[in-house]
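K.L.:
Residues in the sequence shown are numbered consecutively from 2, following our numbering.
These are computed hints drawn from the structure, not numbers from a lab.
Please note that a few of the clues may not be correct.
What the hints assert, rightly or not - Capping the alpha-carbon separation at 20 Å, the derived lysine to any residue pairs in SDA-like fashion look like this: (1) Lys238 with Leu153; (2) Lys238 with His164; (3) Lys238 with Leu290; (4) Lys238 with Glu169; (5) Lys238 with Thr254; (6) Lys238 with Val145; (7) Lys238 with Trp305; (8) Lys238 with Leu152; (9) Lys238 with Pro191; (10) Lys238 with Phe302; (11) Lys238 with Arg90; (12) Lys238 with Leu293; (13) Lys238 with His310.
As the list claims (entries may be wrong) - Between beta-carbon pairs, the in silico distance windows are: (14) Glu169 with Leu134: 36 to 44 Å; (15) Glu194 with Glu169: 23 to 31 Å; (16) Ser132 with Pro88: 38 to 46 Å; (17) Arg267 with Leu212: 18 to 26 Å; (18) Pro88 with Asn174: 39 to 47 Å; (19) Thr193 with Leu291: 34 to 42 Å; (20) Ser77 with Leu134: 37 to 45 Å; (21) Thr221 with Arg270: 20 to 28 Å.
Keep in mind it's a predicted model, so treat the numbers as computed, not measured.
A virtual CB, placed ideally from N, CA and C, is assigned to each residue, including glycine.
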Amino acid sequence: MPSVPSRPATGIGGPNTPRLVIDGGIVATDDAQTIASSIQSLALQALPPGVVWGRFWVVISGSTDGSEHIVRNLASRDPRIQLLVEPARRGKARALRSIMGLSAAELLVLLNGDAQAAPGALREMLSVSGSLLPPFAVMARPVVPALPPTLLADSLQLLWYFHHRLHEISLGNGEGNHLSDELLVLSHPPPTELPGEVVNDGAYLGASLRLHGGGLHYATQARVIIQVPSSVRGLLKQRTRIRAGHTQIRELTGQRPTTLPRFLIRHPREAVRWFQEVPSEIRRPVGALLLLGWVELVASFRGWWEWGHPTRDPVIWPRLGDFRWTQLVSIPEPVEGDGGELHPPRCDQSTENAFLSHLGPQGVIPPETNELEIGRQWQEQ
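Generate the whole structure from the sequences, applying the supplied hints.
P.N.:
Here you go:
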């Protein structure tokens with residue numbers, strides 16, 4: 002039995018061939034550096050037989066750097082791209098509500114506007130979802146881009162390595178209730194509407210799905226390249242906002258999100274084993290662990306305080322500042338269809354292999370990928 006309802010369509014193998022229609026959803030603010038690559042990384046994914054793209058819903062919220070014009074240019078070339086412009090930032094959750102309300106697809110693929118889906122990621126995620134009944138969500142594995150060899154870089158790599166191991170276990174045994182929102186496949190519609198005031202949309206979707214008997218799953222081989230803070234101060238701000246958002250999740254759903262600190266306290270032997278298996282690319286694991294511990298301790302207190310004594314709208318995430326954006330491989334040129342739409346090139350498998358060849362043994366991107374050629378960027382004409 003298929004995991005989600007399918008509907009008959011023409012043009013895919015015959016008039017009665019069923020197909021699965023999926024929509025993409027991307028929310029961005031001042032992401033002119035990355036928005037074209039983000040959209041491109043979805044549009045050029047190789048899809049399994051019988052799966053077709055419907056629309057790419059792109060919300061540009063309160064942008065001041067020309068992101069809207071870049072997306073408008075892309076939409077003029079590919080009619081599947083639908084641009085929604087919010088003059089002022091209202092928070093990611095409200096933008097996602099707009100996408101969920103407009104989409105008529107059976108599955109939604111949500112990607113952050115400052116992230117890039119690796120080649121083959123969606124195929125891996127759909128292979129996981131193919132045996133599931135809705136409601137469900139499948140998350141990809143966030144990976145850190147190439148960074149200069151600093152203690153902060155080691156700390157960020159260690160953080161996301163622990164993040165991977167946590168979800169590998171907690172979602173694998175069915176006990177976890179947390180999702181990362183960098184790249185998600187969601188059955189649509191969700192069991193409940195996403196509240197517009199939610200701070201951490203991934204954490205809320207995970208808790209809500211678990212509360213309504215839905216399935217949470219992790220496609221460990223599906224990778225998504227993420228943006229990371231460029232300073233310890235930026236990391237502290239990010240973790241503070243996340244911890245404040247977790248306090249909100251408890252208030253809205255009555256559930257405590259599955260978090261790394263709580264898991265490590267409850268399973269210290271597992272924590273020791275993880276640390277013994279830290280990838281070799283993390284050069285200073287002890288120093289990185291100490292820095293992360295300090296950041297989490299301060300962020301835990303600050304998050305609790307800021308949620309009870311807000312000085313700004315908590316749904317408006319602060320920008321992380323400057324960061325080094327690295328595409329791991331050049332994304333090959335798309336193939337233009339009869340209607341002007343873009344299709345994946347035939348060399349998708351070699352592109353995926355090139356990407357995987359630059360990953361370390363645990364999926365951490367090693368520093369030597371710094372100088373890889375940045376892929377083709379669509380620019381405003």
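K.L.:
Checking against the hints above, which ones are violated?
P.N.:
Those not satisfied are hints 4, 5, 9 and 14.
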